[in-house]
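Construct the complete structure from the given sequences, taking the supplied hints into account.
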Amino acid sequence: MPEITKLIHKYLRHDKKFPHVWCPGCGIGIMLGALIRAIDRCGFTKDEIVLVSGIGCTGRLPVYVDFNTLHTTHGRALAFATGIKLANPKLKVIVVMGDGDAVAIGGNHFIHAARRNIDLTAIILNNSIYGMTGGQYSPTTPYGMKTTTSSYIHIEQAFNISELAVTAGAPFVGRGTVYHAKLLDSLMEKAFLKKGFAVVEVISHCHTQFGKLNKMGGAVEMMQWQKDHAVTVEKAATMSEEELKGKFKIGVLVDKELPVYLDEYEKIRQMAMSKKEK
Amino acid sequence: MPEITKLIHKYLRHDKKFPHVWCPGCGIGIMLGALIRAIDRCGFTKDEIVLVSGIGCTGRLPVYVDFNTLHTTHGRALAFATGIKLANPKLKVIVVMGDGDAVAIGGNHFIHAARRNIDLTAIILNNSIYGMTGGQYSPTTPYGMKTTTSSYIHIEQAFNISELAVTAGAPFVGRGTVYHAKLLDSLMEKAFLKKGFAVVEVISHCHTQFGKLNKMGGAVEMMQWQKDHAVTVEKAATMSEEELKGKFKIGVLVDKELPVYLDEYEKIRQMAMSKKEK
Amino acid sequence: MKKKPKTPYKEFLLQGNEAIVEGALRAGCRFFAGYPITPATEIAEAMSVKLPQVGGTYIQMEDEIASMAAVIGASLAGVKSMTATSGPGFSLMQENLGFAIMAEVPCVIVDAMRGGPSTGLPTSPSQSDVMQARWGTHGDHPIIALCPSTVRECYDLTIKAFNLSEKFRNPVIILVDEVVAHMREKITIFEDEEVEIFNRIKPNMPPEWYIPYVDTPSGVPPMANFGEGYRYHVTGLTHDIRGFPTSRPDEIDPFIRRLFRKISQHFSELQFGEFYETDDADITIIAYGCVARSAKRAAIDARQKGLKVGMLKLNTLWPFMRTAVEKVLNTSKIVIVPEMNMGQISREVKRVNKGSTKIFTINKVDGTIITPQEILARIKEVG
Amino acid sequence: MKKKPKTPYKEFLLQGNEAIVEGALRAGCRFFAGYPITPATEIAEAMSVKLPQVGGTYIQMEDEIASMAAVIGASLAGVKSMTATSGPGFSLMQENLGFAIMAEVPCVIVDAMRGGPSTGLPTSPSQSDVMQARWGTHGDHPIIALCPSTVRECYDLTIKAFNLSEKFRNPVIILVDEVVAHMREKITIFEDEEVEIFNRIKPNMPPEWYIPYVDTPSGVPPMANFGEGYRYHVTGLTHDIRGFPTSRPDEIDPFIRRLFRKISQHFSELQFGEFYETDDADITIIAYGCVARSAKRAAIDARQKGLKVGMLKLNTLWPFMRTAVEKVLNTSKIVIVPEMNMGQISREVKRVNKGSTKIFTINKVDGTIITPQEILARIKEVG
Amino acid sequence: MSFRYDIRLSGSGGQGIILMGIILAEAAGIYEGRHVSQTQSYGPEARGGSSKAEVVISDIDIDYPKALKLDVLLAMNQKSCDDYYMDLKPDGILIVDSTFVKQIPIARAYQIPFTRIAREKFGKEMVANIIALGAITKLTDIVSPKSMEKAVLARVPKGTEKLNKDALNAGMAEAIKARKNILPFVRSEREDEDT
Amino acid sequence: MSFRYDIRLSGSGGQGIILMGIILAEAAGIYEGRHVSQTQSYGPEARGGSSKAEVVISDIDIDYPKALKLDVLLAMNQKSCDDYYMDLKPDGILIVDSTFVKQIPIARAYQIPFTRIAREKFGKEMVANIIALGAITKLTDIVSPKSMEKAVLARVPKGTEKLNKDALNAGMAEAIKARKNILPFVRSEREDEDT
Amino acid sequence: MSGKKEKKTKIDIFKGWCKACGICEAFCPAGVLARDEAGYPYVKFPEKCISCGWCELRCPDFAITVYKKDKDFKEIDEEETKNTL
Amino acid sequence: MSGKKEKKTKIDIFKGWCKACGICEAFCPAGVLARDEAGYPYVKFPEKCISCGWCELRCPDFAITVYKKDKDFKEIDEEETKNTL
Ligand SMILES: Cc1ncc(C[n+]2csc(CCOP(=O)(O)OP(=O)(O)O)c2C)c(N)n1
Ligand SMILES: Cc1ncc(C[n+]2csc(CCOP(=O)(O)OP(=O)(O)O)c2C)c(N)n1
Ligand code: SF4
Ligand code: SF4
Ligand code: SF4
Ligand code: SF4
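Chains as they are written, first to last, in this note's numbering: chain V, 2 to 279; chain F, 2 to 279; chain S, 335 to 717; chain C, 335 to 717; chain G, 678 to 872; chain Z, 678 to 872; chain A, -1 to 83; chain Y, -1 to 83.
Take these hints with a grain of salt, some might be off.
Label-pair ranges, simulated between beta-carbon atoms [unchecked claim]: (1) F:Glu243 <-> Z:Lys842: 48 to 54 angstroms; (2) C:Pro541 <-> Y:Lys8: 31 to 37 angstroms; (3) C:Gly563 <-> V:Gly247: 55 to 61 angstroms.
Simulated pairs of lysine to any residue, SDA-like, Cα-Cα distance not exceeding 20 angstroms [said to hold, decoys possible]: (4) F:Lys7 <-> A:Tyr65; (5) F:Lys276 <-> G:Pro834; (6) V:Lys147 <-> F:Met274; (7) F:Lys147 <-> V:Leu263; (8) V:Lys11 <-> Y:Asp10; (9) F:Lys91 <-> S:Asn559; (10) Y:Lys8 <-> V:His10; (11) F:Lys7 <-> A:Cys16; (12) G:Lys801 <-> Y:Arg33; (13) V:Lys246 <-> F:Leu259; (14) V:Lys47 <-> C:Met539; (15) V:Lys17 <-> C:Asp574; (16) F:Lys47 <-> S:Asn559; (17) V:Lys248 <-> V:Val234; (18) V:Lys213 <-> G:Glu802; (19) V:Lys18 <-> G:Gly690; (20) V:Lys213 <-> Y:Gly37; (21) Z:Lys835 <-> V:Met272; (22) S:Lys688 <-> C:Gly677; (23) V:Lys18 <-> Y:Lys8; (24) V:Lys17 <-> C:Pro541; (25) V:Lys147 <-> F:Asp264; (26) F:Lys17 <-> S:Pro583; (27) V:Lys18 <-> C:Asp574; (28) C:Lys384 <-> V:Glu265; (29) V:Lys257 <-> F:Ala159; (30) F:Lys268 <-> V:Ala159; (31) V:Lys7 <-> Y:Gly37.
Honestly, the hints are just simulated from the structure, not real lab data. Here the structure is a predicted model, which is why all the values come from computation and not from measurement. For each residue, glycine too, the CB sits at the ideal point set by N, CA and C.
Next up, the structure:
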């Protein structure tokens, strides 16, 4: 095997049944590849990685990889992860969530983790729908689409997950698609190496539910859509408002320095200990 | 009595014990006055107003006024209000919350109500702390302050409630202070008349907890602080970044038109009924 | 429930979940707020299609907490409301469920039971939320919980659930196990059949005279909807008869006791179930939900083998069918309680058992239904 | 618990809540996540001051759901963890409490009981979350719940709670009523006293051999902390011995039964309480929490009046102290169960009552404590 | 004695197994007026995996709703054939999609390549389940072809009526052919199903 | 017979009632080695309102932790005086802050204007509670002045030791004066407190 | 007494509801009010009153009332708002 | 077989894991792959392969492996990323 595949296999769980549970062509598998490659490139050991997820198709990801893995309750992955990171700051804690997991039931934990700037990486696979439960609308379902609970038409506006992260206080926010797999590698790598709360929004497709209900074709057609509608941040800078209409940006959206929770908490410990001594 | 006070008394509950429960000088009472005046000016009848709150000092507000009043569970006021509004769109539903209520435990309901653009008015009294439970830090406690659970120093960044509302999708967002009581009247009036989710952030003071712990003086000193640090949107437009440092803007921050949930849902009903008929 | 079956009627092959939706609509439900979860999702999906057809409203909230809150809000505004979930979501609804009890807001909550604890077995049946339905929210409180065994019962009990909820101003829980929720059976609905529908009693006095939480002979105060001119205060705090918060023991005690009394006083109206050949039975199986079906089969088979076996099916789980259970405890030598949990209703049977009846259990928690064979085997073992 | 009290010691006047904090720190708790709520807030406040002094971490989360989640996360990372709340927050914690049970993660949850249901009586005492502690989360599950009556017991039982939690890999709940939580009493802590501290058993085999959910003679598998080289999978789904999700009945059944067995098998280690003059008692009062104090006073006073009255104080509420209760049921003619709820533990007493002992209750739900006089009056009434 | 007939339809997710169950149940229940109970099970909450639907048909109220010993097993893939053939009654009928099921565990089985027929004859794999329903109709006589046709037409999307009718007929035709290739046996249709 | 002494301190929120309770309990419990139990109650979760602290002192383990019939009631405002004077034992001691309590419900009561003294003598209303503690010390003899002083000094903010010591002494002095203005009575200190 | 015509602005303070917080006095732009020993406000210089009504608007306890001769709040609100920001 | 030196790029498809989703074939920039009747990919024009590795990166099932002669992914990643966006 060539290096890259050996690499993937190095991280997969040998005692887990493959092929994995996801539908043929589902983007979650592509994201998993990028995640593994990025972890490898960053040079983390398997023992220091904790991979946390909530519930959903995306939530099934950690079980396949040979890290410390934690499959929590729906929407709460970031809160579990916060406890892990604070209890053992040496661990590299990565959280993968579906859009429902992250910003429907889990929306509050998401904005609060961003605000606190806890040193975690949050990877959100945004497939615009609840995949696991069979295709109900999610907070990222675009206006006008169909789902099993908006079979007439969807009337709600969608969250822009990345913008929400920025406003809530995240110092690093990137967006990619599963079509642009290598960009994903690099976004994840940057996110993993970032000190503080780093968000990577991964635009993916659920052709089984969303694609089918909206006659958007299969995995291939939906990835083609990603290709056609994504514009890199660099390129977007050269485009007019008009040209950007209907497109979305990919790349590093925000990268800034903000005080990180654990560093700050260390100050409290110092103050507490000196106070106690007196 | 002159008109204005008669007016207040017209709306207070005669069978409730006054003076009310809040500490001497607490801004919640000032906000209540503004709320009543604005409702009166808008010409709503008492019967069509539903005033909903969560739990906290601010949450105690509805009990004093003669509307349909609902004192819900901590953080959930907007979700209760959503049910009321959808069930009876003729009602004018106003929600008052403390900062903890609105953006700590209730943060998710807040961003989702904004995203859906449900026709509600959300009034948030931001006193930077949990008043009712005795002064613990809240998501709006500024970095570096003291509270009973950050007695060394507070290390978290605060939410900017208004910005969060805008990013989440609210079409109307205003900010005032209890010092600027008349501005509050007009912000509330505008918010009540707005179709869609309208947010008014009311900067107030909890001198009993926050003021005391941070040696900021009493109600008077804290209102003086509001006066000194607030800048109108209009004035801010003429000021430099440098000059604006440490200040906050008051006035109408955002006012735009977005599709309102109930109008949209009416479309679904039309589609559903025509489909059923076939 | 009076029925005058008349043509035209229609036969449907419906899932338990779908029958719950039909029952809810028939009962007058016009608002549903929920959050998808297996095995209750079909209820939300069907509601999203059907409610707008009848001028109602479906909304998918951000989570189950918000769903329960929206349901209470809608009911306060005068619309019969419902939500549906499964274990994990039911746990999240507990706080607001308590609010509905405290503020006496009618509403119906469906818990389609799957394997637990925690995420457990999302697609497998279980009956392990029975005690949670009774005790899940903090603070002592009364509850009503119904449990269907057939698709027809899903329809009928949902109508009953709304009626009871409106009548007693208390949330009513429908505990349906995954088998019954997903099972399809034929059900016949007479288009013009007369179904008794109960609507909350509204105040008829002038608003100034309205005392929202006053005691009445039935224990249930009339309920004004928001916007109808009876302005009053609703709170989750312990309140006086006017609805205002109170911490006076002399006001709290009668209030809390009234909450219990309004249910206990009408105990007999709340008991639904079936005695199947229990009169002469030496052994009675007490069962509910999908297990009652196996139990009946086992009883039939046992009778064929010459054993005097009967069955008591419980369609009401709370308040516990004490009278019915005591009846079989008095006549049977042995009672067997098969349950897809570690023994929840059997505890209650033991609690009310005063005599010398022996009580045996069959407990299954592996995600599979208890079969007639398993019950038969137990009958032979203990009989 | 072995103790060799030695000087130097220190006497403190501590609140129950403060004693819980001291006990937790003594037991090795180094992580607290919580959300303020009356009457548990003092625990968070004291933790926020004390934890950083000993290198631990305090964090105030956005709500109780997140608090419970963070506590589980921290425990998985190897740090003894705790949260504290009251009824409304306890209801919100139920879903993740079930996760901790399913994934066998040690942690301690304090529920400082105030009046319910719903927001209820935030500053008044109650004992009405007893059944919720047992049944609040969905899916059948075992639980351990302890209940202190004195400030000293707050300290001691908190240490026990951590020990039991670590030993059995199960969450342990401390149910403290508002009276005991807020009461100040003198407690003496010997600076160098030997307190038995139990730490989770870690695997000692090479990582390749580690089977995280394997059955053992004690029923409790060794627990590896995240980051220590034993990489494994933790899930709230029903899982096999390797921790991987399974829906195979033959794997699920032994797993769920092991969860129950690891507690039931060690039943006797989990029973804490006090028999006060019960041996010759005609009437025994069974009580817990602040009410046990009134009960003792009532027993003393009754004895002075010549009545043979004893008291059984329960410090363990779950698993139910069946053996102790059966003992007094066997010897007493009458048992009185005074509770600040509508009758929760009295149900359990009735359930295990096999003989002819008469069981009477005193139920108070008005936010005030049951007084010795009230118990004495009941003794006279029924005796 | 009352009559009870237990059918299990099995295969993988995406083969339309559940829809088959519903159509079969409606054919027997709605269009022939019998008592029916249709149940199903999915794999873990996830996608793909195997799929199973059961239909119990009776002339009285059905107590136990799941299939007990099987009168009919339809296996649309190898795995389900392997997993379930043991549940057949001694004289139960095994029908397999021979496109996928290559190892037949018992001597007597109807082997019809439903999927291949769907692909080749109709250009749509999707209709394999309807073809299989046709075969079941003919091989069991538990519902009349007429009722089955009504049931199919009531459930398939508008515009596909012709296609599905043809598929159903193709299935029936294949069944008649298949019957010839199988060991003969006598099945007492209304015997006592005491299980 | 064991000895039990029940004290209730009452007033409005902000008067430092709870702190008084703690100091009194520590004086008796920590500095005099007795058994103590201190409880309190607030109004509804809210601000202001009334405040109540109770201290039970005994030489054995205290079972019922709240005050039963009162040996001492301190009322720092009119409302609490009205609400609680009925709970006094026949020979119980009523001490009121006469700054606020104008109607005295029973004949025999110690009336001392704690707040006025605090305001006038110390310029800080805040210390009214410490003055009251001084008075209690002298009027009850339940703790020694020395223990009380230690207890006060251990609890007050650094830098205010002198102020509080003076306030305490002022309270004791006032108590001695007040005693003269009251009807005499005999209190048997260690009687049987059977309630 | 809304019908009553008065020449001068009159300020009423309802002691039963006033909590002596001091806000009215502190922010009176004309220095009309003062506080007594117990902190309660009283009208010290009635003649200075400019009828702005701010004491009434800012009183958290609805304890203060300004009776004005010929203006009413509705009219002056907008203007005042601008002036005092 | 990482040690093995090969002249030409070789593509391995592991059928046991492949779900025939078609992604590799659809997005191969050089048209190297094709799909069989059942939808499974196979290497139709091995000579056309430009060693970009995209089929491997985009396969959701880790079922496809590209053995390259002298480049390794780490080096070309950044560049490739830019080119294909
Ligand atoms: C408390 C709770 N509510 C609901 C569910 C049911 N549920 C499981 S996954 C899911 C949503 C899945 O959508 P998403 O998070 O977008 O992930 P995806 O499956 O699309 O990857 C839901 C609602 C649950 N498991 N727990
Ligand atoms: C579920 C739940 N958690 C916690 C509480 C306790 N609690 C009551 S009010 C409050 C916060 C009050 O702060 P805020 O919302 O800012 O309002 P304020 O009192 O400052 O007006 C808290 C945590 C509760 N009542 N319910
Ligand atoms: S249902 Fe959608 S999200 Fe889930 S595995 Fe299938 S394609 Fe992926
Ligand atoms: S505690 Fe703070 S917020 Fe609450 S009433 Fe007092 S001043 Fe107002
Ligand atoms: S503002 Fe109101 S409460 Fe405050 S001192 Fe003035 S009148 Fe009294
Ligand atoms: S991308 Fe992978 S799973 Fe899809 S067809 Fe190609 S090799 Fe098979």
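Structure-based check of all given hints:
1. F:Glu243 <-> Z:Lys842: 48 to 54 angstroms: Holds, at about 52 angstroms.
2. C:Pro541 <-> Y:Lys8: 31 to 37 angstroms: Distance hint for Pro541 of chain C, Lys8 of chain Y holds at roughly 35 angstroms.
3. C:Gly563 <-> V:Gly247: 55 to 61 angstroms: violated, 50 angstroms
4. F:Lys7 <-> A:Tyr65: Holds: Lys7 of chain F and Tyr65 of chain A sit about 11 angstroms apart, inside 20 angstroms.
5. F:Lys276 <-> G:Pro834: Holds, because 15 angstroms separates the two Cα atoms, which is no more than 20 angstroms.
6. V:Lys147 <-> F:Met274: holds, 17 angstroms
7. F:Lys147 <-> V:Leu263: holds, 18 angstroms
8. V:Lys11 <-> Y:Asp10: holds, 18 angstroms
9. F:Lys91 <-> S:Asn559: Between Lys91 of chain F and Asn559 of chain S the Cα gap is close to 13 angstroms, so the pair holds against 20 angstroms.
10. Y:Lys8 <-> V:His10: holds, 18 angstroms
11. F:Lys7 <-> A:Cys16: holds, 17 angstroms
12. G:Lys801 <-> Y:Arg33: Distance ~18 angstroms between Lys801 of chain G and Arg33 of chain Y Cα, so the pair holds.
13. V:Lys246 <-> F:Leu259: With Cα atoms ~17 angstroms apart, Lys246 of chain V and Leu259 of chain F stay inside 20 angstroms; holds.
14. V:Lys47 <-> C:Met539: OK: Lys47 of chain V and Met539 of chain C at ~19 angstroms, within 20 angstroms.
15. V:Lys17 <-> C:Asp574: holds, 12 angstroms
16. F:Lys47 <-> S:Asn559: holds, 14 angstroms
17. V:Lys248 <-> V:Val234: holds, 11 angstroms
18. V:Lys213 <-> G:Glu802: holds, 16 angstroms
19. V:Lys18 <-> G:Gly690: holds, 18 angstroms
20. V:Lys213 <-> Y:Gly37: holds, 19 angstroms
21. Z:Lys835 <-> V:Met272: holds, 19 angstroms
22. S:Lys688 <-> C:Gly677: With a Cα-Cα distance of about 18 angstroms, the restraint between Lys688 of chain S and Gly677 of chain C holds, given a limit of 20 angstroms.
23. V:Lys18 <-> Y:Lys8: violated, 27 angstroms
24. V:Lys17 <-> C:Pro541: This hinted pair holds, its Cα atoms lying about 17 angstroms apart.
25. V:Lys147 <-> F:Asp264: Holds. Lys147 of chain V to Asp264 of chain F sits at ~18 angstroms (cutoff 20 angstroms).
26. F:Lys17 <-> S:Pro583: holds, 19 angstroms
27. V:Lys18 <-> C:Asp574: holds, 13 angstroms
28. C:Lys384 <-> V:Glu265: The given pair, whose Cα atoms are some 17 angstroms apart, holds under the 20 angstroms limit.
29. V:Lys257 <-> F:Ala159: holds, 17 angstroms
30. F:Lys268 <-> V:Ala159: Cα-Cα ~18 angstroms, so holds.
31. V:Lys7 <-> Y:Gly37: violated, 26 angstroms
Going down the numbered hints, you'll see the structure goes against 3, 23, 31, while the others check out.
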